[in-house]
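Chemist: So you can see what is in the structure, the chains are spelled out below.
Protein chains: 2
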Amino acid sequence: MKHKKSDNFKTKSVSSSLVRFALDFEPEFATDELKQVAQLSLFDWFVVSIAGQAEPVSHIVRGQISSEGGNEDCTVIGATKRFPARASALANGTISHALDYDDTHFAYLGHPSVAIIPAAIAIGEKTNTKPEKFWNAVILGLEIVTRIGAWLGRDHHLTGYHSTATAGAFGATIASSKLLDLDEKATNYALGLVSSMASGVRAQFGTMAKPLHAGMAAANGVEAALFAQAGLISNPDALEAEHGFADTHTTQNRDTTKALNGLGEYWMLKEVLHKYHACCHGLHPALEALLQVREKNNLITTNIENVSIAVPPRYLKICHILSPNTGLEAKFSFRLSAAMVLNGQDTAALSTFSSNACKNPDLISLRDRVSVTPNTNLGETEAFVQVQTTNGEILSAKYDINRSLPYKFRKEKIMNKAFALLGESSALELWDLVAKGDPMEFYKVNKIGLN
Amino acid sequence: MKHKKSDNFKTKSVSSSLVRFALDFEPEFATDELKQVAQLSLFDWFVVSIAGQAEPVSHIVRGQISSEGGNEDCTVIGATKRFPARASALANGTISHALDYDDTHFAYLGHPSVAIIPAAIAIGEKTNTKPEKFWNAVILGLEIVTRIGAWLGRDHHLTGYHSTATAGAFGATIASSKLLDLDEKATNYALGLVSSMASGVRAQFGTMAKPLHAGMAAANGVEAALFAQAGLISNPDALEAEHGFADTHTTQNRDTTKALNGLGEYWMLKEVLHKYHACCHGLHPALEALLQVREKNNLITTNIENVSIAVPPRYLKICHILSPNTGLEAKFSFRLSAAMVLNGQDTAALSTFSSNACKNPDLISLRDRVSVTPNTNLGETEAFVQVQTTNGEILSAKYDINRSLPYKFRKEKIMNKAFALLGESSALELWDLVAKGDPMEFYKVNKIGLN
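Chains W and A, in that order, give the protein sequences.
Quick note on our numbering: the first sequence kicks off at 1 and runs consecutively.
Quick note on our numbering: the second sequence kicks off at 1 and runs consecutively.
Be careful, since some hints might not be right.
One copy or two, it doesn't matter: identical chains are merged, so the pair holds either way.
[As the list claims (entries may be wrong)] Heads up, simulated SDA-like pairs for lysine to any residue below, C-alpha to C-alpha not over 20 Å straight-line:
| hint | residue 1 | residue 2 |
| --- | --- | --- |
| 1 | Lys359 | Pro324 |
| 2 | Lys185 | Thr207 |
| 3 | Lys317 | His243 |
| 4 | Lys258 | Asn297 |
| 5 | Lys413 | Gln252 |
| 6 | Lys436 | Gly69 |
| 7 | Lys270 | Pro312 |
| 8 | Lys359 | Leu291 |
| 9 | Lys35 | Asp400 |
| 10 | Lys81 | Ser67 |
| 11 | Lys185 | Gly206 |
| 12 | Lys185 | Pro56 |
| 13 | Lys447 | Glu429 |
By construction, these hints were calculated from the structure, which means they are not laboratory data.
Just chain W, same shape as in the assembly:
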């Protein structure tokens, strides 16, 4: 069976077109490739959530929902009790973004999974949803958050809005509405209503409010969909109407094709990027390039004369701490993280970025042989590295993290991350649980032992 193509969307609004698309998209239309990407994202989401469950903000958000109590419908990471759907989405969204180690989509500079998956898990569990339908809602949510985010555009981000929170709420609404079996009218009311809820400003970056934004996005999506289910009438066009969300939250540079072109044929969610290193995303292209050089040439540190890393100029202001002293500083240091990779350290592990690492003489010696230069010809997801060996050879590699990697490679990298964060046996146990895709079994995640 083939899913309807997007020709019929051309004259309609972005929101009504996306709603129609979501209503028509049935589980049997999802390809194996889409399901594989969704499964990797769900697994990666659980991995970073479990790893982040003891962060201060995770304790705070669980404390807040515990002080409210409520019907024990939905699982929360790190909690023995269950909670109402909105509370569960708020907590899980926050917890999963606490480490800032979750996935990213450059089409809208946002983190898709932390907004979509907590909403889908909450409504999925509340409504006793079967796996097939659950995967379907996750796929739709991930696709629509990306398309709405790309349509709102760079201006939305540049003005100061946090796309993870704003676009995220729209995607979470679609996932929630689909799981609630809302009809077209009600889904439009849900999307209209969340146009009054979607919020979050970038001034919060670097504080606990940033991970909370992800929780808010998920919670707003859940709440809007539940209100629409209960009959609340909003302006169904509030996303695009005069004095609506797009009108107030971005410029006229909106490109409708980014939201609607190829809908159902080409899936933007496939370009999601998972983080394989426990540090600033700006370092990742260089680290991947260095990994390539190292593995291809069986390079050992004593054979390294010097290392040169070329990156887009803006990263020199973001993550170029020359001689870091703390674990946090290490996460923003091209030179030290490069030394870690070349030294064979596991940069997927949180503990690798420690103050001890900053004092390690081997790493410092290597770090001091690394230089970083700006290069305006490189895209924001690219890096070019050159390693000069002691016998005068030049080994080089260019890497772009924004390209679709084969499933096998992605899975291997994410599994390595899971091993580093949770330990091997817990990671494998989690993989099996995620593969089932059964919201009624996700509570078991809180029984998986940490190493």
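Could you slot chain A onto chain W? The hints should help.
Modeler: Coordinates of chain A only, in the frame set by chain W:
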């Protein structure tokens, strides 16, 4: 004892100055006049909430919070059970704005009480607050929502934001923080955090999402303050920082003096306008002017030759339905509502604006003698009316609803509204309950019988 003056605010940010002011403002600084205005507002708020408790959106929001359940901490209008603080604020804010019959402040084109009072009641009840402290928090919340709203300015409204929802969330945060005894640091974190939550677009006007905005404002204030109490760290300057709320949600036309001038000396909350007629606010200046003419001259309808009403031009587009057919249309008709007032009908009663009234021959005959003309010299809260009598006399009056009326007059008008909406004995019972100002007794409001 005298409260500190505002001289020390001049070099600080708006948000930190307002927080400092709120922390310093102790119950003993509140004058009798401030307490009287707060008491009228609280009474008026309860009146419209009780009257609006059976509206469809009121049922929906109570249904939503009931489906979540939770600790039975706080009263909700029209519910037998109590609910967690956020849920109570969400529901009560929505219910109180359901009829659009609550108070307004023209300094920020917003409805102050529906955002502030539900938050104060929720946290007041949850924390077993004494009356003196409760009034103090209500006064602060009402003053600060007005000042932040006036500072965000007309551009905020014109862009498409709903000030009731946005400015409302900041005021609700201050009231909640004060009741929770948050210190200066935590109050700034609460205000910073709500900068990521405050939301609501004007595209929703005319739908159920508009009253929900009031509930969202109250709920966001409650949630932000509780998060700050639990130790959540936001950007404490997120209201004014780069990529913060003001930066993203309004223009550079912000006037700091509107937020800070005369703080603690002059109280803007005193200019709050209560609605005395169950119809569009745009009609009120004309109706008050006609009431004056009628009462002063003992005018009877048979002596009226014709009536001329002059209003600011924009109202001809908002509330000038020439020959209304339904109760809702009657609420937007200068001509019919003028006929009602001149005919001695009680325009404070919801039932006066009915389809029957639209068919009443006496009212129609009078309505057809009323003409409405635009006048650019009139302010947005003014009207000028002229009544020509059958013996050739011209009786005229000009009225501006935006002026401070003596307490006695305001109380009389609000009491008349309460009589019309709740019946005399219920209204008087409610007045006594409100006068106590005891959050631990507000649950009794649900025992007051409707007539």
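Chemist: Determine for every hint whether it applies to the structure shown.
Modeler: Hints, verified against the model:
Taking the shortest Cα distances, Lys359 and Pro324 sit within 20 Å of each other inside one copy (9 Å), while across copies they are farther apart (81 Å). Taking identical chains as interchangeable, the C-alpha atoms of Lys185 and Thr207 lie at most 20 Å apart only when they sit on different chains, with a minimum of 14 Å there against 38 Å within one chain. In this assembly of identical chains, the alpha carbons of Lys317 and His243 lie at most 20 Å apart only when taken from different copies (18 Å versus 37 Å within one copy). For the homomeric pair Lys258 and Asn297, neither the shortest alpha-carbon distance inside one copy (41 Å) nor that between copies (67 Å) is at most 20 Å.
Taking the shortest alpha-carbon separations for Lys413 and Gln252, neither the intra-copy value of 40 Å nor the inter-copy value of 47 Å comes in at or below 20 Å. For the homomeric pair Lys436 and Gly69, neither the shortest alpha-carbon distance inside one copy (29 Å) nor that between copies (30 Å) is at most 20 Å. Taking the shortest alpha-carbon separations for Lys270 and Pro312, neither the intra-copy value of 24 Å nor the inter-copy value of 56 Å comes in at or below 20 Å. Proximity of Lys359 to Leu291 under the C-alpha cut-off of 20 Å is found in neither arrangement, the shortest distances being 23 Å within a copy and 83 Å between copies.
In the homo-oligomer, the alpha carbons of Lys35 and Asp400 never lie at most 20 Å apart, since the shortest distance is 24 Å inside one protomer and 65 Å across protomers. For the identical chains of this complex, Lys81 and Ser67 are neighbours both inside a copy (12 Å) and across copies (17 Å), given an alpha-carbon limit of 20 Å. Taking the closest pair of Cα atoms, Lys185 and Gly206 come within 20 Å of each other only across two copies (17 Å); inside a single copy the shortest separation is 39 Å, beyond that limit. When the C-alpha separation of Lys185 and Pro56 is checked against a cutoff of 20 Å, the pair qualifies only between copies, where the shortest distance is 18 Å, while the shortest distance within a copy is 41 Å.
For the identical chains of this complex, Lys447 and Glu429 are intra-copy neighbours only, at 10 Å inside a copy versus 55 Å across copies, given an alpha-carbon limit of 20 Å.
Going through the hint list in order, the structure does not satisfy hints 4, 5, 6, 7, 8 and 9.
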